[in-house]
Amino acid sequence: MINSLLDKNFEEVTLGFSKASAMEEANRCLYCYDAPCMRACPTSINVPSFIKKIASGNLKGSAKVILEANPMGASCARVCPTEELCEGACVMQKDDKPIKIGALQRYATDWVKNQDIPLFNAGVPNGKRIAIIGSGPAGLSAARELCRMGYEVTIFEAEKKAGGLNQHGIVSFRLPQEVVDWEVEQVRRLGATILTGKRVGKDVTCDELLENFDRIIVAVGMSKVPNLNIEGEMLEGVLDAIEFVKTTKQETVPQNMIGKKVVVIGAGNTAIDAATCAIRLGAASVKILYRRTANEMTAYPFEYEFAKQEGVEFQWLTSPKKVVGNEDGQVMALECVQMKLVDCYDRKDALLEVENSNFTIATDFVIRAIGQKRQVDLIQEFNIQQSNGIPSVDPVTLQTSNSKVYACGDVIYGNGYGDATVVSAVQQGKDCAYAIHHSLKQSSEIA
Amino acid sequence: MADLRINLAGIQSPNPFWLASAPPTNSGYQVQRAFEAGWGGAVWKTLGDPILNVSSRFAAVSFNGQKVAGFNNIELITDRPLEINLKEIYETKKRFPNHAIIASLMVEPKQEKWHEIVKRVEDVGVDGLELNFGCPHGMAERGMGAASGQVPELVEKQTYWAKEMAKTPVIVKLTPNITDITVTAEAAVRGGADAISMINTINSLAGVDLNTWNTIPHVGGKGAHGGYCGPAVKPIALNMVGECARSPHINLPISGIGGISNWQDAAEFLLMGATGVQVCTAAMHHGFRIVEDMIDGLNNYLDEKGITSVMDIVGQSVPKYSDWGNLDLNYKVVAEINNDKCIHCNKCYIACEDTSHQAIDLYHDASGLSQLKIREEDCVGCNLCSIVCPEEGAITMKEVKNTLPSMTWNERQEMLKVLNTTAEPIGK
Numbered sequence: 002m003i004n005s006l007l008d009k010n011f012e013e014v015t016l017g018f019s020k021a022s023a024m025e026e027a028n029r030c031l032y033c034y035d036a037p038c039m040r041a042c043p044t045s046i047n048v049p050s051f052i053k054k055i056a057s058g059n060l061k062g063s064a065k066v067i068l069e070a071n072p073m074g075a076s077c078a079r080v081c082p083t084e085e086l087c088e089g090a091c092v093m094q095k096d097d098k099p100i101k102i103g104a105l106q107r108y109a110t111d112w113v114k115n116q117d118i119p120l121f122n123a124g125v126p127n128g129k130r131i132a133i134i135g136s137g138p139a140g141l142s143a144a145r146e147l148c149r150m151g152y153e154v155t156i157f158e159a160e161k162k163a164g165g166l167n168q169h170g171i172v173s174f175r176l177p178q179e180v181v182d183w184e185v186e187q188v189r190r191l192g193a194t195i196l197t198g199k200r201v202g203k204d205v206t207c208d209e210l211l212e213n214f215d216r217i218i219v220a221v222g223m224s225k226v227p228n229l230n231i232e233g234e235m236l237e238g239v240l241d242a243i244e245f246v247k248t249t250k251q252e253t254v255p256q257n258m259i260g261k262k263v264v265v266i267g268a269g270n271t272a273i274d275a276a277t278c279a280i281r282l283g284a285a286s287v288k289i290l291y292r293r294t295a296n297e298m299t300a301y302p303f304e305y306e307f308a309k310q311e312g313v314e315f316q317w318l319t320s321p322k323k324v325v326g327n328e329d330g331q332v333m334a335l336e337c338v339q340m341k342l343v344d345c346y347d348r349k350d351a352l353l354e355v356e357n358s359n360f361t362i363a364t365d366f367v368i369r370a371i372g373q374k375r376q377v378d379l380i381q382e383f384n385i386q387q388s389n390g391i392p393s394v395d396p397v398t399l400q401t402s403n404s405k406v407y408a409c410g411d412v413i414y415g416n417g418y419g420d421a422t423v424v425s426a427v428q429q430g431k432d433c434a435y436a437i438h439h440s441l442k443q444s445s446e447i448a
Numbered sequence: 002m003a004d005l006r007i008n009l010a011g012i013q014s015p016n017p018f019w020l021a022s023a024p025p026t027n028s029g030y031q032v033q034r035a036f037e038a039g040w041g042g043a044v045w046k047t048l049g050d051p052i053l054n055v056s057s058r059f060a061a062v063s064f065n066g067q068k069v070a071g072f073n074n075i076e077l078i079t080d081r082p083l084e085i086n087l088k089e090i091y092e093t094k095k096r097f098p099n100h101a102i103i104a105s106l107m108v109e110p111k112q113e114k115w116h117e118i119v120k121r122v123e124d125v126g127v128d129g130l131e132l133n134f135g136c137p138h139g140m141a142e143r144g145m146g147a148a149s150g151q152v153p154e155l156v157e158k159q160t161y162w163a164k165e166m167a168k169t170p171v172i173v174k175l176t177p178n179i180t181d182i183t184v185t186a187e188a189a190v191r192g193g194a195d196a197i198s199m200i201n202t203i204n205s206l207a208g209v210d211l212n213t214w215n216t217i218p219h220v221g222g223k224g225a226h227g228g229y230c231g232p233a234v235k236p237i238a239l240n241m242v243g244e245c246a247r248s249p250h251i252n253l254p255i256s257g258i259g260g261i262s263n264w265q266d267a268a269e270f271l272l273m274g275a276t277g278v279q280v281c282t283a284a285m286h287h288g289f290r291i292v293e294d295m296i297d298g299l300n301n302y303l304d305e306k307g308i309t310s311v312m313d314i315v316g317q318s319v320p321k322y323s324d325w326g327n328l329d330l331n332y333k334v335v336a337e338i339n340n341d342k343c344i345h346c347n348k349c350y351i352a353c354e355d356t357s358h359q360a361i362d363l364y365h366d367a368s369g370l371s372q373l374k375i376r377e378e379d380c381v382g383c384n385l386c387s388i389v390c391p392e393e394g395a396i397t398m399k400e401v402k403n404t405l406p407s408m409t410w411n412e413r414q415e416m417l418k419v420l421n422t423t424a425e426p427i428g429k
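Just so you know, the sequences run in chain order A and B. Letter by letter, the first sequence follows residues 2 to 448 of my numbering. Letter by letter, the second sequence follows residues 2 to 429 of my numbering.
Looking at chain A on its own, in the form it has when it is part of the complex (with noise of 0.2 angstroms):
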């Protein structure tokens, strides 16, 4: 019974449009002319376009459209910034009202999800192979478009189903797992085989993936959230933020935290993750901590709102010093200092510890969510060049210092690729899967 309410609160959150809305606010598009959000969105969805499909009635083209330029729109329906990006530029921003284009992207893909209508078919087969690491949405993308062109595509997924971050990550009430699955099934219709439970490094070495295919697309993505580096860390009960809204994605949703005390540790938008995750399975309370101000924070604004509806507590200018447990070696509390932010010339809000100030909080559970760690041993078995775990690429093609090899999505997010958002993975994905057309096509062509 408790499950089942649990189960229930992972359901998806936000209602999709009813027909009647979805024309009402097809309809309040105003149909621009090389339209600002168009140009906003990262994988140039032609979004006036699409809506005005939805206006006529043709749903199918409406979804053709989007899936077109993007093929995890589904997805991204749900997990855009939109504010950030499409509806931030939407004209229409008097009274607040832009056009709820997450929304219409939604309606159309849920209409052809469905459905079930095949839009895209696999290209004449072309003899070369390619393999993807990773099925996250930028492996999953570059798949798309690779098959579309003729490719055999293999991808390697470590885990047990395909999906990466959308699949594992991304809180469920967000983005239910059949929309994922959804996706990653479009990409296996069109020929791509995708082998789960293989990872590469481990079932398979780089050595075997460069001996056996043509070009190589790392797109393993992140690693996990790295240790705080207190005392108190390997105590039952400190968790991995990750690892921790993983679980929450299973079959049923683990019960041992009805009632707890929950402490996130960072204010970015896994941190909200976190801790709405922990809401929603039953937690009496959840504090978030960061060492910072809202001011400073890293989660998107609608992502902090969310967060204080659901009722989770933020407390700043925080930093945890030592876990406590119990001589059963659980969690029992965290103690923490209070932080100052400095105004210097020299150093800008340089943060500083407050003297005497430590104090203790009682709680069950810290969840760690200070960012993530790089896939160093995948990258090092490559043998390319790297920075701080980040591969170094051409920042047109999205080739490493290895020809062979390309990498897109998060595993190169930081070295000039600013943000780690779906959106951006899914058009860096398609961007390698052009560049290596074209340098095969190349190739050939010498040949």
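From the structure, some residues in chain A lie toward chain B, with a derived Cβ separation under 10 angstroms:
(1) A21
(2) M24
(3) E25
(4) A27
(5) N28
(6) R29
(7) L31
(8) Y32
(9) C33
(10) Y34
(11) D35
(12) P37
(13) R40
(14) A56
(15) Q94
For the record, the hints were derived by calculation from the structure and aren't laboratory data. Beta carbons are placed, not taken as given, at the ideal position from N, Cα and C, and that holds for glycine.
Dock chain B against the given chain A, drawing on the hints supplied.
Frame of chain A, contents of chain B only:
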């Protein structure tokens, strides 16, 4: 509070808003409800020999999600016995003596038929008669309605027959399904009509069902053309009212009909020469209560303009309506874009570039925001950009001061004629 009373060819009404002869005026119950709601008059659903109706009967046209932009019907005249209608007219008039009740009539084009029906309806106390020469469907196939309204001789003759017997004012309702409505309006004048009303509905087929391929509406899989009305027909009706109002050969009061949905539409018809208006589709869409704002809005408008009686605005725009040949060729407006108000949808640009005179430049500023600039020398002042612009005040059409005197096409042709005749001897 302005005086909203009207006098249309001797028919008095507490306000200019009448319900047109149509489903809303089918019965005493409905007309009494309408009068309670505030309607000044009602033209009773057309009386004649009872007919049979079909199901279904109505269809509407939606535009971009807006319901009932246009409305289409294949319902015929009253399907209730004449005696019952007459009894209800009598009762309604007794209850609302100050409201106008006009009987709409349609019979075969025979003198004795007109005499008989005119006598019977006047006996129960109607304030006036409206001859239905306009209904375009069904009845027209039997030689009545629009079929007789399209033949000027029949309009004249039947008006004459009705007038032979009538003691109350006779309004002739004209069909728009004709090339020049002033021709039949003049026929009504010759027949002795006291007033004309227009327009009746326009021949129409509302749509085709894309799944069944049936017509919309259909009757068991078969359709027939209906009559079109509602907001979409207003410009057609307004022109016909204007053409009749400005004709020196007509000079009859006009009851304006066609797509009137609110007080603004009504005021436009009054300014273009109608003494009162008749409404149907708007009431069918929203109920009789819409008249409250029609009265309130018109009253506030008149008060704001300092006009004491609604009759004072009747026909004020008629002198401003003329032939193309009388327009000043030297008058010029150009578009002006206010980039502070512009929301950068670029609709003006693509409209002008693709479909008008390529007079707008589109470029982007350093931040990538579009900037739009009119090239005045290429702008013909067509209005298109300001029409498609969604932001009020972002594009205005401003008059360009011109040193040339006014010159119309007709004046120009006259002048050329004079020049050619005087130039001829020199040429020789």
